[in-house]
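In case you want the letters, here they are:
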Amino acid sequence: MKISLIMFLVFIAVTLAITYWASRRSAGSSAYFAASRQITGWQNGIAVAGDYMSAASFLGIAGIIAFQGYDGFLFSVGWLVAYLTVLLVIAEPLRNAGKYTMADVLAYRLKPRPVRAMASLSTLTVSTFYMIAQMVGAGTLVKLLLGGYVTYNQAVIGVGILMIVYVVFGGMLATTWVQIIKAILLMAGTIMLSILVMAHFHFSFGQFFGAVGHVTYHDAKGAVVVQDFLQPGLRYKPPYGPLELISLGMALIFGTAGLPHILVRFYTVPDAKTARHSVVWAMVLIGSFYIMTTFLGFGAATIVGPDFIKGHGGTNMSAPLLAQALAGNVFFAFISSIAFATILAVVAGLTISATTSFSHDFWTNVIHNGVERKSGEEVLVARISAFVVGGVSIALAIKLQTANVAFLVALAFAVAASANLPVIVLSIFWRRFNTAGAVAGLAVGLLASIGLILVSPSLMGIDPPTVTGAARHLIQAKAWFPLENPGILSIPLGFLGAIIGTLISSEPTSQEKFNELLVRSNTGLGAEKATAH
Amino acid sequence: MANTAQNLEIVKPGQEPAQSQSVWDRIAASREFQDLIAIKKTFIVPAFIFFLVYYFALPVLVGYAPKFMAMKVIGQVNLAYLFALSQFFVAWIIAALYVKAANNFDRLAKDILDKTGKGDK
Numbered sequence: 001m002k003i004s005l006i007m008f009l010v011f012i013a014v015t016l017a018i019t020y021w022a023s024r025r026s027a028g029s030s031a032y033f034a035a036s037r038q039i040t041g042w043q044n045g046i047a048v049a050g051d052y053m054s055a056a057s058f059l060g061i062a063g064i065i066a067f068q069g070y071d072g073f074l075f076s077v078g079w080l081v082a083y084l085t086v087l088l089v090i091a092e093p094l095r096n097a098g099k100y101t102m103a104d105v106l107a108y109r110l111k112p113r114p115v116r117a118m119a120s121l122s123t124l125t126v127s128t129f130y131m132i133a134q135m136v137g138a139g140t141l142v143k144l145l146l147g148g149y150v151t152y153n154q155a156v157i158g159v160g161i162l163m164i165v166y167v168v169f170g171g172m173l174a175t176t177w178v179q180i181i182k183a184i185l186l187m188a189g190t191i192m193l194s195i196l197v198m199a200h201f202h203f204s205f206g207q208f209f210g211a212v213g214h215v216t217y218h219d220a221k222g223a224v225v226v227q228d229f230l231q232p233g234l235r236y237k238p239p240y241g242p243l244e245l246i247s248l249g250m251a252l253i254f255g256t257a258g259l260p261h262i263l264v265r266f267y268t269v270p271d272a273k274t275a276r277h278s279v280v281w282a283m284v285l286i287g288s289f290y291i292m293t294t295f296l297g298f299g300a301a302t303i304v305g306p307d308f309i310k311g312h313g314g315t316n317m318s319a320p321l322l323a324q325a326l327a328g329n330v331f332f333a334f335i336s337s338i339a340f341a342t343i344l345a346v347v348a349g350l351t352i353s354a355t356t357s358f359s360h361d362f363w364t365n366v367i368h369n370g371v372e373r374k375s376g377e378e379v380l381v382a383r384i385s386a387f388v389v390g391g392v393s394i395a396l397a398i399k400l401q402t403a404n405v406a407f408l409v410a411l412a413f414a415v416a417a418s419a420n421l422p423v424i425v426l427s428i429f430w431r432r433f434n435t436a437g438a439v440a441g442l443a444v445g446l447l448a449s450i451g452l453i454l455v456s457p458s459l460m461g462i463d464p465p466t467v468t469g470a471a472r473h474l475i476q477a478k479a480w481f482p483l484e485n486p487g488i489l490s491i492p493l494g495f496l497g498a499i500i501g502t503l504i505s506s507e508p509t510s511q512e513k514f515n516e517l518l519v520r521s522n523t524g525l526g527a528e529k530a531t532a533h
Numbered sequence: 001m002a003n004t005a006q007n008l009e010i011v012k013p014g015q016e017p018a019q020s021q022s023v024w025d026r027i028a029a030s031r032e033f034q035d036l037i038a039i040k041k042t043f044i045v046p047a048f049i050f051f052l053v054y055y056f057a058l059p060v061l062v063g064y065a066p067k068f069m070a071m072k073v074i075g076q077v078n079l080a081y082l083f084a085l086s087q088f089f090v091a092w093i094i095a096a097l098y099v100k101a102a103n104n105f106d107r108l109a110k111d112i113l114d115k116t117g118k119g120d121k
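From first to last, the protein sequence lines are chains A and B.
Take our numbering: the final residue in the first sequence is number 533, and no numbers are missing along the way.
Take our numbering: the final residue in the second sequence is number 121, and no numbers are missing along the way.
For the record, the hints were derived by calculation from the structure and aren't laboratory data.
Possibly wrong hints are sitting among the right ones.
[Stated by the list, open to error] Only pairs whose alpha carbons sit at most 20 Å apart, straight line, appear in this in silico SDA-like list of lysine to any residue:
#1 Lys2/A / Lys143/A
#2 Lys513/A / Lys67/B
#3 Lys513/A / Gln34/B
#4 Lys72/B / Val215/A
#5 Lys40/B / Lys143/A
#6 Lys40/B / Leu503/A
#7 Lys67/B / Lys143/A
#8 Lys237/A / Gln34/B
[Claimed, not checked] Label pairs and their in silico Cβ distance ranges:
#9 Leu503/A / Ser22/B: 24 to 32 Å
#10 Asn104/B / Ala27/A: 34 to 42 Å
#11 Ile184/A / Val73/B: 32 to 40 Å
#12 Ala17/A / Glu32/B: 44 to 52 Å
#13 Val90/B / Val10/A: 52 to 60 Å
#14 Gly328/A / Met71/B: 33 to 41 Å
Think of the CB as a built atom: it goes at the ideal place given N, C-alpha and C, for glycine as much as any other residue.
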């Protein structure tokens, strides 16, 4: 356990050194919010991959596969394929047309104040929900990984303070490099674990999949079960399982391209071509990583076993426990510190996207009509809001320690897919689209996602009195909506809201400016350029 | 990348809205630009539709035909796993094809900008 602590401290020291280095290169809006647009294609690709491969993927998906086999692997597939939407539809137009946030693209030809206000609200909603889920996970995990050295509250406060320091002092540049280092560590750890798993099976896929076909564990009633873990249906059972799978797929495919903390990364590169190459780099890394979840998840199921994992911290501990079983305590400490690095890097990325949107969209453009009254004000406001966002997240994470917050990630993806993506796509591709449509699309998408999750089985359900704590549903009544992922309904509603809003109003200026957006997003004419340090 | 940046330098959209407006409209109306959009569409639309169909076939088949998908193909490995695995390679192939096609888009866009730049001066 002591080794974990030392590795954690080494990682913190390295990231603080990066933050110090970056702090001297973060003066001015373009430097602070977009790392002067000088991040290269491969660097940004690794950072995008890092933002995406959160602790929820590394620990969560390995855990779901270790307990529910093949159905967990379906998550892995969707997480990669979703990047085709980013590559084919979003990345290049966004880079060409915008400056710091996704709202820039909307404000290009629509009335800036209403669309920025709504887009900022949607961005803050996605980032905050995603962050609280990460922070609560972080607290539990760090406490578990550092067994005995820190309490839950200390872990949450520590993670929160570090993330504030990265963002306030190092801006986008520090956040990007913390993310790059973490992603490289995560890939290294995953590759090492995969090789060790295959070594355990004498590098024979036949033996490996043979073992996956006969995973033995005890079910809830204590009976011994031998289960083929490659068989579909262990998690998604009828009647609603298939619909749930489709709805989850929709949230991933349309939501990834609407996640603010992913979108802001495309502003850190010099041009659209580099943005495109960075998506390809990200896809190579993300794809390789999620294919390897096969070895992590099934390895944990076969080598460690669901019974043992259940008794030693639960599903999220599958990957670290697998490391311990295969190569002892030092490797356990290494994998644990990678998980810790992952959490830190992802919450920092979320914080900077939230503060950028608040400062650039809301403060400068909504409140002050697009005029920065004093040079440096935008960055100052972002720094102050990083303290607020960090403080609020710490407080909420402490408050929600015992709550089950996994649904917040589903909610973040649903809002991104139902509110953000429809309006970005329509604003780039539909000449007729206008302000009323954007505001309606964002509002309907946001409300539909939140509303449907509130009445979903994530929050509603009837538990017997014996169920207490996090497992107990917040609202004790039968769920009104049968799916945990609202995407299948909320995404069409978001599009519908945007289309109806557009059709019932008329805005000639938005149509007149469409040519400008079309030419700019397709040729890069007039796009924001890289700045010298 | 340096090349593209240089090309942008040549053009410099006018500061006054009225002047830049005309540049945008002129480019948008030009045959070269219309061609660029048409060529982009002929790649992106089919590629996007193909990947949506191929991807959503996975949850639909796994969800509604689990017995069929559980059919063993090589040893213990079943159709469901192989189809899921194939998604990764299909996604990579589409991405690679897009990058190849996009080099052509870049070339066409560069031509348009070069021409406009000269026309402006």
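Going through the hints against the structure:
1. With a C-alpha separation of about 13 Å, the suggested pair Lys2/A and Lys143/A falls inside the 20 Å cut-off, and the hint holds.
2. Only pairs whose Cα atoms come within 20 Å are accepted, and Lys513/A paired with Lys67/B is rejected, the gap being roughly 54 Å.
3. For the suggested pair Lys513/A and Gln34/B, the alpha carbons sit about 17 Å apart, so the restraint of at most 20 Å is met.
4. A hinted pair counts as satisfied when its Cα atoms are at most 20 Å apart, and Lys72/B with Val215/A qualifies at roughly 17 Å.
5. Distance check on the hinted pair: Lys40/B and Lys143/A sit about 51 Å apart at the alpha-carbon level, beyond 20 Å; violated.
6. Proximity of Lys40/B to Leu503/A is assessed by CA-CA distance (about 27 Å); at most 20 Å being required, the pair is judged violated.
7. For the proposed pair Lys67/B and Lys143/A, the alpha carbon gap of about 42 Å is over 20 Å, so the pair is violated.
8. Distance check on the hinted pair: Lys237/A and Gln34/B sit about 49 Å apart at the alpha-carbon level, beyond 20 Å; violated.
9. Hint check: Leu503/A to Ser22/B, Cβ distance near 30 Å, so the stated range 24 to 32 Å holds.
10. Restraint check, Asn104/B to Ala27/A: a C-beta distance of roughly 40 Å satisfies the suggested window 34 to 42 Å.
11. Look at Ile184/A against Val73/B: about 35 Å separates their beta carbons, and that is inside 32 to 40 Å.
12. Between Ala17/A and Glu32/B, the C-beta spacing of about 50 Å keeps the proposed range 44 to 52 Å intact.
13. Checked against the hint of 52 to 60 Å, the pair Val90/B and Val10/A fails, with Cβ atoms roughly 40 Å apart.
14. Range check, Gly328/A to Met71/B: about 40 Å between beta-carbon atoms, so the 33 to 41 Å window is met.
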